[in-house]
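Enquirer: Starting from the given sequences, assemble the full structure and let the hints guide the process.
Residue numbers (the working numbering), protein chains in the order written: chain A, 1 to 484; chain B, 1001 to 1094.
Bear in mind the hints are in silico, worked out from the structure with no lab data behind them.
Watch out, some of these pointers could steer you wrong.
Straight-line Cα separation of at most 30 Å, DSS-like style, residue types lysine-lysine; simulated pairs [to be verified]: (1) A:339 with A:388; (2) A:130 with A:230; (3) B:1039 with A:80; (4) A:62 with A:230; (5) B:1039 with A:76; (6) A:460 with A:398.
All figures in this text were calculated on a predicted structure; none of them were measured in a lab.
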Amino acid sequence: MPDFAPVIGLEVHVQLNTATKMFCACPNRFGDPPNTNVCPVCLGLPGALPVPNAAAIEAAVKAALYLNCSVSSFSKFDRKNYFYPDLPKAYQISQYDLPIGTRGSLEIEVSGTTRRIGITRIHLEEDAGKLVHAPGASLVDLNRAGTPLLEIVSAPEIFSPEEAYAYLSSLRLLMLYLGISNCNMEEGSLRCDANISLRPAGSSTLGTKVEIKNLNSFKGVQKALAFEIKRQSSLLATGTPIVQETRLYDAATDKTLSMRSKEEAHDYRYFPDPDLVPMTFSPEYLARLRDNLPETPQHRAQRFVSAFGLSQYDATVLTSDPALASYFEDTIAAGASPKLAANWIANNLLSALHQTSTSIGACKIRPPQLAALINLVETGTLSSTSAKTVVFPAVFEKGIDPNAVVAEMGLAQVSDTTQIDQWVVDAIRANPDVLDSLRKGKVKAVAKLVGSVMQMSRGKANAALVSQRIAAILKDMHGIEISG
Amino acid sequence: MITPETVAYLARLARIELNETDLARFVPPLQEILAYVAKLNELDTSQVEPTAHVLPLTNVSRSDDPLPSLSNAAALQSAPCTDEGCFLVPPVIE
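Expert: Below you can see the structure in the form of structure tokens.
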């Protein structure tokens, strides 16, 4: 089979998390009873006039700047005309020839290689309502109609399903860092359509493009594209031309299927919306927004490496969610050592959050409590084992002060050498056979002494100190040197 | 150039049902309208900025503060068919 190379472009819709809708003051909220966040504007009632949401415009401009787009000083809204029951006005307010941002880019990393993917345009529009299909009829809920929506169109510069996945992850992370969207695919606040065509490897002419819809997860995008590459490759290999069409991805069977409904040629008859006046962005306004953009995830990770001495891996894990990165910084600010904090968060905290399906925001153990726990271990008050198996789970579950848990459960380690020496002497006396074994070079017999001390101290003796004192006492009182 | 086919295409975009007689009948008036507007082609507009809006206004917006919405009953009151708090429409085949 000849080798075909895929060319992929992604179209991502991001719902903005403003308090109100794009063109009216209805709450912009997911999950409410149907048709309760609606008004004459978003219902498309005659005579109602849209007024744009300043916060949504600002979020769109920030996103454009964050994605390295040029933002023109002049932008406007246009009407995109089509009939569909989820679109009450029979047109969507969108942007046609003067989008908020153009010619941006985004950095992706796939198996160690970093590449910039171009962003063709970013524009602001309104979401449509939601259709629920019932037998013999469809139900229309217009709560979502008018939700501010950012459409981000990539250049056809993505060359593998893995790169598509990386592009989406990277884009989502940037939107989360900007704080302009919840980026929740399950609630539809981040949606993606993919365009893919194949061409003979090495060729620069684009092949016939197929659009894939119904992509509900990043993994789904990756799998649907992989399926399309296989499907189109085998068609092309036998000389069968690719049909330009829209296909739906079915996650259950991991296949794409042609949309049977007759594909009408789209004629949206865009024209400037006479209800909305143009937007202008002054250099001062753009400079102010640009100066206040958040640190990018890449910069934050670099800073974690250089300022806190973290490994690149830990820095990447901790910056994979802005809330997690802030949690880490707050834990350090509360007095924890950066490396220990990174370990505790990247391992214990993340796995506990994962197991209980808790978000970092809803996590009951707050940074000062985690810092206190880390310090209890670092100062030797609490053994690392007790910290991990007893205190952390209790604090994680109840959000209580780790010091209180240690006191209540009597977990404080005994680090008093006089007390430990007494236990060691008692342990040697109770196990005379150990000395014989040690003299014969059986160093492992020391474990019996450690076990005995731990038993006498009911597990509270500082283990590191116990080993140290056993070695010292064996040497001083019995002339036995144990190394290691 | 307007033909009965153009009229049929426009009618479909507008979801208007026209019979054969109508299709033919609408050709001359549409052709006349186009001819009238075509006068604009006589002007040299190469140095003219496209007009985005007829009013000399920009940047009209509102702050992101919610106001009460309509009640579900009020929202649905003009709908011919409703069910479960929703507008009911003929089935949409995906």
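Enquirer: Starting from residue 62 (chain A), check that the Cα of residue 230 (chain A) is at most 30 Å away, please.
Expert: Roughly 39 Å separates the two Cα atoms, so the pair is violated.
Enquirer: Holds or violated: are the alpha carbons of residue 339 (chain A) and residue 388 (chain A) at most 30 Å from each other?
Expert: Answer holds: residue 339 (chain A) to residue 388 (chain A) is near 16 Å, not above 30 Å.
Enquirer: Is the hinted pair residue 1039 (chain B) and residue 76 (chain A) satisfied, with a Cα-Cα distance of at most 30 Å?
Expert: Within the cut-off at roughly 27 Å; holds.
Enquirer: Is residue 1039 (chain B) within 30 Å of residue 80 (chain A), Cα to Cα?
Expert: holds, 27 Å
Enquirer: Given the hint that residue 130 (chain A) pairs with residue 230 (chain A), test it: the Cα-Cα distance must not exceed 30 Å.
Expert: violated, 33 Å
Enquirer: Need the status of pair residue 460 (chain A), residue 398 (chain A): alpha-carbon distance at most 30 Å?
Expert: Measuring from Cα to Cα gives roughly 24 Å; hence the hint holds.
Of the numbered hints listed earlier, those contradicted by the structure are 2 and 4.
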